[in-house]
Amino acid sequence: MSHSSNRPLRQYGEHTKEATLCAQDDLFEIWDGRPVEMKKVDLKDIKITGRRQHVNYHHFTPFDRPHIHFFKPSFLSRRHNSKLKLHSFTDTTSTSTSCSSWYYFKMASFSIISILLALRFFFIVSGAPTPVPTDAVASTTAASSSYWLASIQRQGIAPFGDASYKIFRNVKDFGAIGDGVTDDTAAINSAISSGNRCGKGCDSTTVTPALVYFPPGTYAISAPIKQQYFTQLVGDAVTLPTIKGLANFAGMALLDADPYDPEFNWFTNQNNFYRQIRNFVIDLTAMPASTGSGIHWQVAQATSLQNIVFNMRTDGGEGNNQQGIFMDNGSGGFMADLTFNGGKYGAFLGSQQFTSRNLTFNNCQTAIYLNWAWLWTFKDININNCGVGLDMSAGGASARAAGSATLMDSTIVNTPIGISTVYDVNETGTNGTLVIDNVDFSSNVPVAVYDATSKSTVLARNTKIASWAQGKVYTGVNAGAASQGTQDAVTKPAVLLDSTGKLFGRTKPQYETLPASSFLSVKSNGAKGDGTTDDTAAIQAIFDKATADQIVYFDHGAYIVTDTIKVPKNIKITGEIWPMIMAKGFNDQANPKAVFQVGQVGDTGSVEISDLVFQTMGPAAGAILIEWNVKETTQGSAGMWDVHARIGGSAGTQLQSNTCAKNPNATHSSNPDCIGAFMLLHVTEKASIYLENNWFWVADHELDLTDHTQIDVYSGRGILIASEEGPTWMYGTASEHNVLYNYQLANASNIFMGAIQTETPYYQSNPDSTTPFTTNSVYGDPSFTGGSLADKAWGVRIVNSEDVFITGAGLYSFFDNYSQDCLKTSNCQSNMLSIEGSGNIHITGLSTVGVENMVTVDGQSGAAFKDNRNTFAATIAMFKGSDTGVKC
Numbered sequence: 001m002s003h004s005s006n007r008p009l010r011q012y013g014e015h016t017k018e019a020t021l022c023a024q025d026d027l028f029e030i031w032d033g034r035p036v037e038m039k040k041v042d043l044k045d046i047k048i049t050g051r052r053q054h055v056n057y058h059h060f061t062p063f064d065r066p067h068i069h070f071f072k073p074s075f076l077s078r079r080h081n082s083k084l085k086l087h088s089f090t091d092t093t094s095t096s097t098s099c100s101s102w103y104y105f106k107m108a109s110f111s112i113i114s115i116l117l118a119l120r121f122f123f124i125v126s127g128a129p130t131p132v133p134t135d136a137v138a139s140t141t142a143a144s145s146s147y148w149l150a151s152i153q154r155q156g157i158a159p160f161g162d163a164s165y166k167i168f169r170n171v172k173d174f175g176a177i178g179d180g181v182t183d184d185t186a187a188i189n190s191a192i193s194s195g196n197r198c199g200k201g202c203d204s205t206t207v208t209p210a211l212v213y214f215p216p217g218t219y220a221i222s223a224p225i226k227q228q229y230f231t232q233l234v235g236d237a238v239t240l241p242t243i244k245g246l247a248n249f250a251g252m253a254l255l256d257a258d259p260y261d262p263e264f265n266w267f268t269n270q271n272n273f274y275r276q277i278r279n280f281v282i283d284l285t286a287m288p289a290s291t292g293s294g295i296h297w298q299v300a301q302a303t304s305l306q307n308i309v310f311n312m313r314t315d316g317g318e319g320n321n322q323q324g325i326f327m328d329n330g331s332g333g334f335m336a337d338l339t340f341n342g343g344k345y346g347a348f349l350g351s352q353q354f355t356s357r358n359l360t361f362n363n364c365q366t367a368i369y370l371n372w373a374w375l376w377t378f379k380d381i382n383i384n385n386c387g388v389g390l391d392m393s394a395g396g397a398s399a400r401a402a403g404s405a406t407l408m409d410s411t412i413v414n415t416p417i418g419i420s421t422v423y424d425v426n427e428t429g430t431n432g433t434l435v436i437d438n439v440d441f442s443s444n445v446p447v448a449v450y451d452a453t454s455k456s457t458v459l460a461r462n463t464k465i466a467s468w469a470q471g472k473v474y475t476g477v478n479a480g481a482a483s484q485g486t487q488d489a490v491t492k493p494a495v496l497l498d499s500t501g502k503l504f505g506r507t508k509p510q511y512e513t514l515p516a517s518s519f520l521s522v523k524s525n526g527a528k529g530d531g532t533t534d535d536t537a538a539i540q541a542i543f544d545k546a547t548a549d550q551i552v553y554f555d556h557g558a559y560i561v562t563d564t565i566k567v568p569k570n571i572k573i574t575g576e577i578w579p580m581i582m583a584k585g586f587n588d589q590a591n592p593k594a595v596f597q598v599g600q601v602g603d604t605g606s607v608e609i610s611d612l613v614f615q616t617m618g619p620a621a622g623a624i625l626i627e628w629n630v631k632e633t634t635q636g637s638a639g640m641w642d643v644h645a646r647i648g649g650s651a652g653t654q655l656q657s658n659t660c661a662k663n664p665n666a667t668h669s670s671n672p673d674c675i676g677a678f679m680l681l682h683v684t685e686k687a688s689i690y691l692e693n694n695w696f697w698v699a700d701h702e703l704d705l706t707d708h709t710q711i712d713v714y715s716g717r718g719i720l721i722a723s724e725e726g727p728t729w730m731y732g733t734a735s736e737h738n739v740l741y742n743y744q745l746a747n748a749s750n751i752f753m754g755a756i757q758t759e760t761p762y763y764q765s766n767p768d769s770t771t772p773f774t775t776n777s778v779y780g781d782p783s784f785t786g787g788s789l790a791d792k793a794w795g796v797r798i799v800n801s802e803d804v805f806i807t808g809a810g811l812y813s814f815f816d817n818y819s820q821d822c823l824k825t826s827n828c829q830s831n832m833l834s835i836e837g838s839g840n841i842h843i844t845g846l847s848t849v850g851v852e853n854m855v856t857v858d859g860q861s862g863a864a865f866k867d868n869r870n871t872f873a874a875t876i877a878m879f880k881g882s883d884t885g886v887k888c
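Residues in the sequence shown are numbered from 1 upward in steps of one, following the UniProt record's numbering.
Hints in this document: simulated from the structure, not taken from any laboratory.
Misleading hints may appear alongside valid ones.
[To be verified] Capping the alpha-carbon separation at 27 Å, the derived lysine-lysine pairs in DSS-like fashion look like this:
no.: 1; residue 1: K686; residue 2: K566
no.: 2; residue 1: K502; residue 2: K686
no.: 3; residue 1: K569; residue 2: K528
no.: 4; residue 1: K528; residue 2: K566
no.: 5; residue 1: K200; residue 2: K166
no.: 6; residue 1: K824; residue 2: K662
no.: 7; residue 1: K464; residue 2: K492
All figures in this text were calculated on a predicted structure; none of them were measured in a lab.
Please put together the full structure from these sequences, using the hints given.
Okay, here's the thing in structure tokens:
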């Protein structure tokens, strides 16, 4: 989720004035980002006022440092940053929950002992001197690899920052040796941090990106490598470099995306955008088995892990505490093509929503520990010789922390327990929702699903499971029922499947077999990318002359486009750490037109686009950022990976907090100077598309100006899929803060979406969805009448469509006119997901927040929030077809 710094209040129900806390699910986490005096906390009256101040619906953590005065915690768990389970200040021994009408909180001093108890890690230590680049070192690095990224001419600039700023950094230019013996910690951290970048205390900026390259070698480190904001850490894709923790390594993780310090995280975890780590071996085997994580990955959208091998110790028994990934919080996200060998946990995970594809676990004590999540979609997971495959038992039966998970198209082999849960079909809550779709347990997995509370077998089969679920199951508008058992198998169209019968997936291309001479630099061919020059003609000329065996390469910069760019079929495009395509003009809402028009209607071909950002500069009410017309010639040959849209909130957009500040205290219409786009992505009638890790974001807050405050920026429509035959695959996509809808499927078929995420604009209902965009029948827009909570953006709208499969969806409405009071009664808006005149619609793992009706079918309520309460969201395991307009 892409929240502003002003976070919504997360709580169950209403509280009395002194906020009685009786259940473990009513525990809160308070973090001001600065020391405060002891104070009496009235949870009902907490308002979100400070830049970093927020209230999270989780347990407390020693890292976040709220401390119960007069209270000794009696239970220590690793939930959510190693949360402390809290009871009454009079109860210092038991682990049962008791009540107190209020608590005193005090920001306690930071304690290394707390971290040792909670995470079994030492605090970060680094004392080596900072090296600087030397010409002698730089001269030896280019020949160390055939990977094009190592030798391509570097011309990228920071268009809205220092003209001398270096985008690309080779760690060997900063003194890293890579011999497996020399301590390279300081050199690597210097490569990342040089140039007045965004680290501790910065929170966010888009003007100082860094692409940090690691040539082949083994880089020994003794302290964490700290990844600053807007950083890609990229290893050589031909010969993966190794990051090796030395025996004396001290710190949370070898690579740290959001370091802790004695006051707070470097970055607000839900806003920790724009970062990648790819092409590495992470080696913990020289470290003591009792300590160490490979990557601390507390991130949000536009982030990814790809092509990484984690090697951990397999000895030590119960004393082995190594883990490949440690993810304590966040709002992601996507990861793919990872291998975990050994360790206590292959991956220790916790985030609001996430998609993981193609992960392999070998000889881990527990492959995946799902510490908490509102929803998680796991696909193509291969678990071999582990103790437990997927552990969802965090929190126990009384405080189940895992909201929902879907495991699909996966295999578990030689593992005593496939999945461990604490679900109770007789409980009213939906915590612990689980969907199993096409998972093979047939090779020595005696217990497919295990109840960790009763220590009993729920599903005992050495077999393949076609469809199984625990949680609420709905059929159309009929009342849902709690289920824990086999479901009718879902038949998916062959066009969506690969040769093995699984849903098709395709790894992001890195072109590692091609030389640098295959890349056609736009800067070398006349484009400026300086954020000022009109580059329309230059870019069009480059596309016109590019051949199918070349890759059009956008050096980092901001490329102003004032008219439609016609992108031909049969082309490959990639960028240097998200260069910006900035549409300027395009301000006629009545005559919308494409900024990037990918192919012409009826084209078939192969188009690959990766690592770009699309933006607008100033008002652009008629801009369709991407119009996609190409249909694949082979499966998955037309697609986009790590391509994002960002409307407003960043340097150069002219849609920032100094012009588009929020104004919730006065009833108002939209500011015409803050209308940023007509539509973000339009997949047309004859097209097909493969999407992976794409974030289509209308900014809710400022990224670059120092206030980082909330803003009102308007985009009419998010993603429109109108493809009549498809296929369409969407892995790890998000579309947020659009006026009319975030996703719309209209007259479309053969669509897979998993997992998706949306947010309703924070400013609605002031104004609501009736302004500033008029209904346009050409695009099948929904209509709104005004004056009610129904007049807010649809999260997902499915109209006259069929064969739609949504596997994991987080659809959220956190505010009404920037107030979070509506969360108390879950009525920030009336409806979120609409199915209209459509057939063969299958939805699993749906979670919503702040919505009265989770699903409506032809205008009737299909599932209500109040009937499906979860950890914080409301969740249903399955929504299937009915005879009221949806055919199954």
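Pair hint outcome, K502 versus K686 [Cα-Cα no greater than 27 Å]: 24 Å, holds
query: Would the pair K824 and K662 pass a check requiring their Cα atoms to be no farther apart than 27 Å?
result: Cα-Cα ~23 Å, so holds.
- prompt: Keeping to a limit of 27 Å between CA atoms, is the pair of K464 and K492 held or broken?
  reply: 17 Å, holds
field: Given pair status - K566, K686, alpha carbons within 27 Å
entry: 17 Å, holds
message: Hint check: K528 vs K566, CA-CA at most 27 Å. Holds or violated?
response: 19 Å, holds
Holds or violated: K569 to K528, with C-alpha atoms at most 27 Å apart: This hinted pair holds, its Cα atoms lying about 24 Å apart.
query: Given the proposed pairing of K200 with K166, does the C-alpha separation stay at or below 27 Å?
result: Given that 27 Å is the threshold and the Cα spacing comes to 20 Å, the pair holds.
Checked against the numbered hints given earlier, the structure satisfies every one of them.
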